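Chemist: Listed below are the residues making up each chain.
4 protein chains.
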Amino acid sequence: MYSLDEINKKMAHSLVANLGITITKASATEVEATMPVDERTCQPFGYLHGGASLALAETLAGIGSIQALGENEFAMGAQVTGNHVMPAPIGATLYAKAKILHQGHRTHLWNVNIYNTTGELISTCRVLNSILRRQ
Amino acid sequence: MYSLDEINKKMAHSLVANLGITITKASATEVEATMPVDERTCQPFGYLHGGASLALAETLAGIGSIQALGENEFAMGAQVTGNHVMPAPIGATLYAKAKILHQGHRTHLWNVNIYNTTGELISTCRVLNSILRRQ
Amino acid sequence: MYSLDEINKKMAHSLVANLGITITKASATEVEATMPVDERTCQPFGYLHGGASLALAETLAGIGSIQALGENEFAMGAQVTGNHVMPAPIGATLYAKAKILHQGHRTHLWNVNIYNTTGELISTCRVLNSILRRQ
Amino acid sequence: MYSLDEINKKMAHSLVANLGITITKASATEVEATMPVDERTCQPFGYLHGGASLALAETLAGIGSIQALGENEFAMGAQVTGNHVMPAPIGATLYAKAKILHQGHRTHLWNVNIYNTTGELISTCRVLNSILRRQ
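Residue numbers (the numbering used here), protein chains in the order written: chain F, 189 to 323; chain P, 189 to 323; chain B, 189 to 323; chain H, 189 to 323.
Honestly, the hints are just simulated from the structure, not real lab data. Treat each hint with caution, since some may be false.
[Stated by the list, open to error] Cross-link-like lysine-lysine pairs, in silico, DSBU-like; alpha carbons within 35 Å at most: (1) P:Lys285 - F:Lys287; (2) P:Lys285 - F:Lys285; (3) F:Lys285 - P:Lys287; (4) P:Lys213 - H:Lys285; (5) P:Lys287 - B:Lys287; (6) H:Lys198 - B:Lys285; (7) H:Lys287 - B:Lys287; (8) B:Lys285 - B:Lys213.
Note that the structure is predicted; figures quoted are calculated from it, not measured.
Put together the whole structure using the sequences plus the hints.
Modeler: Spelled out as structure tokens, the structure:
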């Protein structure tokens, strides 16, 4: 298990920091984060790029699976689905909440919901991680 | 229809430029692009972040649908699915190819394949865009 | 709004009856049903066919959207995703619960969870319905 | 590797026969089948039930993976996505074509397209199978 501080430092030189994502909770069953809608995460028409939502979802699921795993195990994103239900304009802050739905020996399945400040659902995603063991 | 030059300029202050994506072809039925695997698109373990693949896929589908639409129409990503089949290490360049599968009045469905330099499949995605009309 | 009795009768000569599905609740926001694992819904190795889960999910979402719609509106399944997390042997009875996640003017998004008798999650699905209006 | 005749016999007391599915080709990389739109596969409004398409897709992917595997290996559907692009009325016959996209040690990924008699795309699906080994 890594601390929040360790996790956010580890993400410094990666897509995660590049999108302005901050992890605010990271247990083995629930992970939470914030992400701003700004030049780093928008499309050219002034709204959140749906791809940023999917990247946020896959980030949370990946961190949660790492928190659940032992030293010689690691997780790789295998399959992701996402439904975008509402736009979010530049200037908004997004709140993402991931919960594990199934923690198997070979796969972990996560649900990730992304909300705006007033609690409206922006996107809802499922992430399936493959669990690998170093031999 | 926008020229490649116009499209890449439009993307300057958005997620698309932020991920280092360059559009190299943009018709109403086929869109192509490149994306580097570097600090902007990787996870902390030295490989492509799967979320960058999904953002790349949604970018290409969005641009293709715009090319297919008239002046008072626009496209919004509604649903995305992606399967990640192979990792790509930092330093790699990715090649993405989007083809339209169905161009309806209300929705466009795109397939987007992402390859590495040697032509191996990295990720394969489906993007469903909702088509809206200003009234 | 149709009564449960009307709904189950309407389904008599369709895939729904063919799979042994019985609708047990049908509001505009929640739909529930049961489905047996038997010769009608299994694969040849003695377990639930995953395709039966997906058909069950799409059935519940379709009925829920119909309950939410007016006389000149109808719903068509546009996109479905499903994760199978546990097998179910022949002889089991499945319990499915659908909840609406987003009721838009043009689309409805449903989550459908399928459980066994002891409440374990068998499959979890998302169904996106297109809403059409007769003119 | 099973012959077509063996495969269709094995399916006799299962969802596959129940939906009227006939396998017409079954290699380890390509599988084909037909399915009628009739009382066994329709919804109550006279058209193909989208769930039948998904069941057809998962059937083909399952058979293809079995053809690719050795004696102590078996395949289980883990994740399925499908986009429905056109309705098919009662009386139609559907033609499904599955091709393997990735044959890994732990997973197989299949694309399955479903067409009507005139070659129009009805549904297009992705099926991810988990490969298990008896020990």
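Chemist: With the threshold set at 35 Å, check whether the alpha-carbon distance from F:Lys285 to P:Lys287 stays at or below it.
Modeler: Given pair F:Lys285, P:Lys287 holds - Cα atoms ~33 Å apart, limit 35 Å.
Chemist: Below or equal to 35 Å on CA atoms is what counts here, so check P:Lys285 against F:Lys285.
Modeler: 32 Å, holds
Chemist: Within 35 Å, alpha carbon to alpha carbon, are P:Lys213 and H:Lys285?
Modeler: 29 Å, holds
Chemist: Quickly compare the C-alpha distance for P:Lys287 and B:Lys287 to 35 Å and report which way the hint goes.
Modeler: 33 Å, holds
Chemist: Could you grab the alpha-carbon distance between B:Lys285 and B:Lys213 and see if it respects the 35 Å cut-off?
Modeler: 9 Å, holds
Chemist: Given the hint that H:Lys287 pairs with B:Lys287, does the C-alpha gap stay at or below 35 Å?
Modeler: Judged against 35 Å, a Cα distance of about 34 Å means the pair holds.
Chemist: With a cut-off of 35 Å on the C-alpha distance, tell me whether P:Lys285 and F:Lys287 pass.
Modeler: 33 Å, holds
Chemist: Has the given pair, H:Lys198 with B:Lys285, been kept, meaning a C-alpha gap of at most 35 Å?
Modeler: Holds: H:Lys198 and B:Lys285 sit about 32 Å apart, inside 35 Å.
Comparing the model with each numbered hint stated earlier shows that all of them hold.
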